[in-house]
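In the order they appear, the protein sequences are chains A and B. Number 201 in my numbering belongs to position 195 of the first sequence; there are no gaps in the numbering. Number 15 in my numbering belongs to position 9 of the second sequence; there are no gaps in the numbering.
There's no promise every hint is true.
[Stated by the list, open to error] FRET-style restraints, in silico, Cβ to Cβ:
| hint | chain 1 | residue 1 | chain 2 | residue 2 | range |
| --- | --- | --- | --- | --- | --- |
| 1 | A | His123 | B | Gln108 | 50 to 56 Å |
| 2 | A | Leu187 | B | Ser100 | 46 to 52 Å |
| 3 | A | Leu121 | B | Leu177 | 46 to 52 Å |
| 4 | B | Asp85 | A | Ala122 | 49 to 55 Å |
| 5 | A | Gly28 | B | Leu166 | 34 to 40 Å |
| 6 | B | Pro182 | A | Leu187 | 41 to 47 Å |
| 7 | B | Lys59 | A | Asp128 | 48 to 54 Å |
None of these hints come from the bench; they were simulated from the model. All C-beta atoms, glycine included, are put in the ideal place defined by N, C-alpha and C.
Letter by letter, the chains look like this.
Number of protein chains: 2
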Amino acid sequence: MNVYPAALEALIDRFASLPGIGFKSAQRLAFHVLSLPEGEAEDFASAILGARKSIHFCPVCQNLTDGELCRICANPARDASVICVVADSRDVYSIERTREFQGRYHVLHGVISPLAHVGPDDLRISELVDRVASGEVKEVIMATNPDTEGETTAKYIARLLKPFGVAVTRLASGVPVGGNLEFADDATLTRALEGRTEI
Amino acid sequence: MNVYPAALEALIDRFASLPGIGFKSAQRLAFHVLSLPEGEAEDFASAILGARKSIHFCPVCQNLTDGELCRICANPARDASVICVVADSRDVYSIERTREFQGRYHVLHGVISPLAHVGPDDLRISELVDRVASGEVKEVIMATNPDTEGETTAKYIARLLKPFGVAVTRLASGVPVGGNLEFADDATLTRALEGRTEI
Numbered sequence: 007m008n009v010y011p012a013a014l015e016a017l018i019d020r021f022a023s024l025p026g027i028g029f030k031s032a033q034r035l036a037f038h039v040l041s042l043p044e045g046e047a048e049d050f051a052s053a054i055l056g057a058r059k060s061i062h063f064c065p066v067c068q069n070l071t072d073g074e075l076c077r078i079c080a081n082p083a084r085d086a087s088v089i090c091v092v093a094d095s096r097d098v099y100s101i102e103r104t105r106e107f108q109g110r111y112h113v114l115h116g117v118i119s120p121l122a123h124v125g126p127d128d129l130r131i132s133e134l135v136d137r138v139a140s141g142e143v144k145e146v147i148m149a150t151n152p153d154t155e156g157e158t159t160a161k162y163i164a165r166l167l168k169p170f171g172v173a174v175t176r177l178a179s180g181v182p183v184g185g186n187l188e189f190a191d192d193a194t195l196t197r198a199l200e201g202r203t204e205i
Numbered sequence: 007m008n009v010y011p012a013a014l015e016a017l018i019d020r021f022a023s024l025p026g027i028g029f030k031s032a033q034r035l036a037f038h039v040l041s042l043p044e045g046e047a048e049d050f051a052s053a054i055l056g057a058r059k060s061i062h063f064c065p066v067c068q069n070l071t072d073g074e075l076c077r078i079c080a081n082p083a084r085d086a087s088v089i090c091v092v093a094d095s096r097d098v099y100s101i102e103r104t105r106e107f108q109g110r111y112h113v114l115h116g117v118i119s120p121l122a123h124v125g126p127d128d129l130r131i132s133e134l135v136d137r138v139a140s141g142e143v144k145e146v147i148m149a150t151n152p153d154t155e156g157e158t159t160a161k162y163i164a165r166l167l168k169p170f171g172v173a174v175t176r177l178a179s180g181v182p183v184g185g186n187l188e189f190a191d192d193a194t195l196t197r198a199l200e201g202r203t204e205i
């Protein structure tokens with residue numbers, strides 16, 4: 007149809023290539039960018055370049071960082087004897103939000119998924135084994151999602167770590183706080199029953 | 007919480023400042039940008055800068071363009087005697103999609119809205135009056151949205167253009183094609199009845 011000028015079409019296409027952004031949203035975002043003061047549009051462009059260039063993986067926990075170590079690994083107050091293993095950097099954010107966990111993290115960058123052709127060698131598992139092998143670690147908390155792939159990954163890693171004699175634990179599964187038994191699915195209710203605790 | 011590196015936080019903030027993008031979506035988009043090959047991230051940044059720098063308003067119809075005139079005003083095959091007045095550049099796209107309209111456009115860049123402090127002088131109305139005053143125009147189709155502000159704007163402009171003796175028409179309002187009478191609201195049904203045509 008070529009109604010829009012080429013530079014605008016190009017920007018709409020870029021936005022539309024982002025996950026979860028359809029053509030209409032991409033249009034709205036592109037028009038918003040056009041309406042920005044030129045300084046802000048430049049800031050946006052340099053935020054993209056800056057993030058892409060300066061961010062790499064922490065050599066210890068594999069989380070994203072722009073320094074030598076990530077903020078958590080660089081913090082001596084965090085307990086190095088407990089490692090919480092998550093699939094994704096965003097999960098670190100979710101757990102940090104609780105302010106409950108004082109240990110360190112390990113980011114796998116995915117889960118084992120034969121359907122998506124992701125095997126153990128595609129994840130940061132060997133780096134985790136090396137950390138555990140160093141002897142400082144007492145507990146590894148598997149905090150992958152409670153779905154098939156997350157469970158498989160958790161069990162696979164638990165088996166790998168067994169020879170090192172560390173405790174490998176799993177996040178509790180059950181009815182969400184504020185949830186309603188009536189609407190809980192069978193698998194969740196079964197887990198909630200299995201994991202019942204004394205009050 | 008400051009879990010993310012500063013450059014990543016900055017990028018998330020940028021995405022979250024876009025309309026309709028919440029924090030979770032902004033996170034997802036920022037992580038996607040991090041996962042892009044560096045060349046593509048650079049293309050994204052330059053698409054933003056390129057669009058922001060090269061795009062301006064067409065001096066005739068006020069639509070967006072990167073050339074001297076917009077593609078439609080520059081096309082001698084388009085009928086200059088019919089002007090379709092829309093509130094927004096995106097509406098040009100919607101109407102062009104029908105492939106029904108062979109005339110030209112005029113983009114107001116908004117509608118009269120006292121609540122949002124937008125008056126007639128904030129819109130490109132004087133440019134429209136100048137075009138009509140030049141004498142070439144025979145019909146002006148008011149294609150603002152059929153809501154209160156769109157109607158007000160259409161009526162305001164119709165009154166302004168009356169002295170020039172041009173026909174001012176309005177897009178038909180009624181039950182959408184494929185729609186269902188049962189679910190049509192009263193205002194739409196009233197309009198559909200008022201605007202009934204002989205078959």
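Legend entry - aspartate 85(B) paired with alanine 122(A), Cβ distance criterion 49 to 55 Å: holds (54 Å)
Inset, instruction - Indicate whether the distance between the beta carbons of leucine 187(A) and serine 100(B) respects the range 46 to 52 Å. - result: holds (48 Å)
Inset, instruction - Determine whether the Cβ-Cβ distance between lysine 59(B) and aspartate 128(A) falls within the hinted range of 48 to 54 Å. - result: For lysine 59(B) and aspartate 128(A) the Cβ distance comes to about 41 Å; the hint is violated.
Legend entry - Outcome of range test on Cβ distance (proline 182(B), leucine 187(A); 41 to 47 Å): With a Cβ separation near 42 Å, proline 182(B) and leucine 187(A) satisfy 41 to 47 Å, so the hint holds.
Legend entry - C-beta pair glycine 28(A), leucine 166(B): status relative to the range 34 to 40 Å that was hinted: holds (38 Å)
Legend entry - Distance restraint hint 46 to 52 Å, applied to the beta-carbon atoms of leucine 121(A) and leucine 177(B): holds (49 Å)
Inset, instruction - Take a look at whether the Cβ-Cβ distance between histidine 123(A) and glutamine 108(B) falls inside 50 to 56 Å. - result: About 52 Å separates the Cβ atoms of histidine 123(A) and glutamine 108(B), which means 50 to 56 Å holds.
The structure does not agree with numbered hint 7 stated previously, though it agrees with all others.
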